[in-house]
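Please build the complex by placing chain B on the supplied structure of chain A, with the hints as guidance.
So the sequence lines, in the order shown, correspond to chains A and B. For the first sequence, counting from 1, position 110 maps to 109 in numbering that gives the first Met the number 0; every step adds exactly one. For the second sequence, counting from 1, position 74 maps to 73 in numbering that gives the first Met the number 0; every step adds exactly one.
Treat the hints with care, as some may be off.
[As the list claims (entries may be wrong)] Computed cross-link-like contacts, DMTMM-like style, restricted to lysine to aspartate or glutamate with a CA-CA straight-line distance of at most 25 Å:
no. : chain 1 : residue 1 : chain 2 : residue 2
1   : B       : K42       : A       : D8
2   : B       : K104      : A       : D8
3   : A       : K13       : B       : D172
4   : B       : K64       : B       : E47
[Said to hold, decoys possible] Quick look at which bits of chain A chain B covers, simulated, 3 or more residues with Cβ under 8 Å:
no. : segment
5   : 6-12
6   : 28-40
7   : 101-115
8   : 127-133
9   : 183-193
Honestly, the hints are just simulated from the structure, not real lab data. Model, not experiment: these values are computed from the prediction. Don't be surprised by glycine CBs; every beta carbon is placed ideally from N, CA and C.
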Amino acid sequence: MAHSGPMTDWRKAKLPVFAFLAPATILYTLFMIYPLIDSIRLSFYTTPSGGDLTFVGLENYRTILSDPDWAATFWNSFWNNMKFFAVHMLVQNPIGIALAAVLSLPRLKFRNTYRTLIFMPTMLSVVIVGFIWQLILSPVWGVGADILDIVGLKSLFGPWLGKEGSALITLAFISVWQWVGIPMMLIYAALLAIPEDLVDAAIVDGATHFEVFWHIKMPLILPTVAMVSILTFVGNFNAFDLVYAVKGALAGPNFSSDIMGTLFYRTFFGYQLQLGSPTLGATIASLMFLIILAGVLFYLFVVQRRMSRYQL
Amino acid sequence: MALNVRKDHASRAVIVHAVLLSYTLIALYPVFLIVINAFKSRKGIFREPMALPTTQTFSLSGFEKVLDKADFGTYFFNSISVTVVTIVVVLLLAAMAAWALSEYKFPLNTALAIYLAIGIMVPIRLGTVSILSLMVDLGLVNTLTSLVLVYVAQGLPLAIFILTEFMHQIPKDLKEAARCDGVGEFKIFFAIILPLVRPAVATVAVFTMIPIWNDLWFPLILAPGDGKQTITLGVQQFIGQYVTDWNAVLASLSLAIIPILILYLIFSRQLIRGLTSGAVK
Numbered sequence: 000m001a002h003s004g005p006m007t008d009w010r011k012a013k014l015p016v017f018a019f020l021a022p023a024t025i026l027y028t029l030f031m032i033y034p035l036i037d038s039i040r041l042s043f044y045t046t047p048s049g050g051d052l053t054f055v056g057l058e059n060y061r062t063i064l065s066d067p068d069w070a071a072t073f074w075n076s077f078w079n080n081m082k083f084f085a086v087h088m089l090v091q092n093p094i095g096i097a098l099a100a101v102l103s104l105p106r107l108k109f110r111n112t113y114r115t116l117i118f119m120p121t122m123l124s125v126v127i128v129g130f131i132w133q134l135i136l137s138p139v140w141g142v143g144a145d146i147l148d149i150v151g152l153k154s155l156f157g158p159w160l161g162k163e164g165s166a167l168i169t170l171a172f173i174s175v176w177q178w179v180g181i182p183m184m185l186i187y188a189a190l191l192a193i194p195e196d197l198v199d200a201a202i203v204d205g206a207t208h209f210e211v212f213w214h215i216k217m218p219l220i221l222p223t224v225a226m227v228s229i230l231t232f233v234g235n236f237n238a239f240d241l242v243y244a245v246k247g248a249l250a251g252p253n254f255s256s257d258i259m260g261t262l263f264y265r266t267f268f269g270y271q272l273q274l275g276s277p278t279l280g281a282t283i284a285s286l287m288f289l290i291i292l293a294g295v296l297f298y299l300f301v302v303q304r305r306m307s308r309y310q311l
Numbered sequence: 000m001a002l003n004v005r006k007d008h009a010s011r012a013v014i015v016h017a018v019l020l021s022y023t024l025i026a027l028y029p030v031f032l033i034v035i036n037a038f039k040s041r042k043g044i045f046r047e048p049m050a051l052p053t054t055q056t057f058s059l060s061g062f063e064k065v066l067d068k069a070d071f072g073t074y075f076f077n078s079i080s081v082t083v084v085t086i087v088v089v090l091l092l093a094a095m096a097a098w099a100l101s102e103y104k105f106p107l108n109t110a111l112a113i114y115l116a117i118g119i120m121v122p123i124r125l126g127t128v129s130i131l132s133l134m135v136d137l138g139l140v141n142t143l144t145s146l147v148l149v150y151v152a153q154g155l156p157l158a159i160f161i162l163t164e165f166m167h168q169i170p171k172d173l174k175e176a177a178r179c180d181g182v183g184e185f186k187i188f189f190a191i192i193l194p195l196v197r198p199a200v201a202t203v204a205v206f207t208m209i210p211i212w213n214d215l216w217f218p219l220i221l222a223p224g225d226g227k228q229t230i231t232l233g234v235q236q237f238i239g240q241y242v243t244d245w246n247a248v249l250a251s252l253s254l255a256i257i258p259i260l261i262l263y264l265i266f267s268r269q270l271i272r273g274l275t276s277g278a279v280k
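One chain only, chain A, in its complex shape (with noise of 0.2 Å):
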């Protein structure tokens, strides 16, 4: 962090720093990070029959990761979360970062409408946004077949969201559909920090806009890249509305578009016959928690150590 000059020593004024600092870090504290570390502490400990807390040490860790039936439940939720991450790694964030650059080409026109345009799906909730796909993607209305009509590509239609091998990839492609937006506006506010005479440098010396941005411009916002990156990850995690909206706690058909959070959520509250339960539950956050740790800790440790950073 840049100081703009010495600090004021808070001795001169102990009260107004208290005051300042109190308000926030004690309802932070509260309702974030004790529930946090509070929820680590359940997950070591078990309700027989809704009895008292017992502790028992890490056998609800072991009883997820290799009672049979819990770990085939829980490492499929992980590898479709997962499948889920790497679709929009591979798709939402390309897109993202070729609208940003085509929207910073140089005297394009209705630049700002575009932007306000395609950004809008972001504003709409997720529950909407599965909701509305659902009613286009149904085979009753028929309304996605006719719009693959149009491109004479109906044969391909199917009632994608209803198979087990297609539900999953789907729903991704829907949360791509609506998060787009986000890594277009980051990539895009990267693009403008950008100096002009950088740009305008090479394109005197012949370079074409594609050669300026894949040699000049990409290299530069990479850093941004980078956090796009960690971001599309964390959010992943994030990503229960849109299939509990769509496919229900269940995450249908027969848990093919079960995630990490509708495991969460079923475990917790339970679901037909199986009873909810708050440790277990509480396990099943913790393992998610060291799995975003874990991620977290690569991109500060590898990806930011490695990147270089270039002083504009």
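Same frame as chain A, now just chain B:
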């Protein structure tokens, strides 16, 4: 030669606009399709799904059903109250904390800044089991207050981070001059600093608002009961109940979409400026 170059530019512009127009169509058409069909009769929805409503197919029966069976006014009111109260609290508390972090030198300043930033990367949902039992202990289950408390905790880390960066840019002379005149520390913050951070307010408000307005998870867990639903949960429950009634489903979706679209078009300038400025560079 000059003519060729101009031709080149023209054809390049055509390709660029074709690309942007196609993507705009992909982004908007699904929403457009839902909204136009909400104004049609059942027959119109199924026979001519892609056509605009005509005098023969125009019908408001879906909206009548929705307004009759569900209390969308209350849902909107709930969502708006929760969002507005949260934004105001987050902005005020985050600005205060950010000011203290950027202005005063005290032991563990950096440690506290890092502690407050943890929440940017760790989703608050992971603490749901304990949040629910905390709300049960506090007697706040099924109240909008429980949502506000959770959303404030969720919004603070990023808001503090953005505002701290912003406050580093405030010129020193301003506050030094005030201190020389003997103005108190509280007054410096509320009378001089707070008005100065107004440009960052848009950014913070956007980042705070979008996830709250759209959230399904916490309304589902903390406030699912009658009369306390947010608009997102209300629509989800309504559609779950009337899933086969296409008129009602389309109308309820449109009722959730249209106000957001109008708000978005009014505020898009500030919103996008917020997204593309300052903190995210």
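How does the coverage statement for the segment 101-115 of chain A fare against chain B, requiring three or more residues with Cβ below 8 Å from a Cβ of that chain? holds (count 10)
Is K13 of chain A close enough to D172 of chain B, meaning Cα to Cα at most 25 Å? Holds, because 22 Å separates the two Cα atoms, which is no more than 25 Å.
Please check whether the segment 6-12 of chain A has three or more residues whose CB lies within less than 8 Å of a CB on chain B. n = 5 at 8 Å, threshold three: holds.
Given hint E47 of chain B paired with K64 of chain B - CA-CA distance at most 25 Å: holds (22 Å)
Hinted pair, alpha-carbon criterion (25 Å max): K104 of chain B, D8 of chain A. Please report holds or violated. holds (5 Å)
Holds or violated: the segment 127-133 of chain A covered by chain B, criterion of 3 or more residues with Cβ-Cβ distance under 8 Å? holds (count 4)
With a cut-off of 25 Å on the C-alpha distance, tell me whether K42 of chain B and D8 of chain A pass. violated (73 Å)
With a Cβ-Cβ cutoff of 8 Å, does the segment 28-40 of chain A contain at least three residues near chain B? holds (count 9)
Given that the segment 183-193 of chain A was listed as covered by chain B, double-check it with a C-beta distance under 8 Å for 3 or more residues. holds (count 7)
Hint violations for this structure: number 1 only, all remaining hints satisfied.
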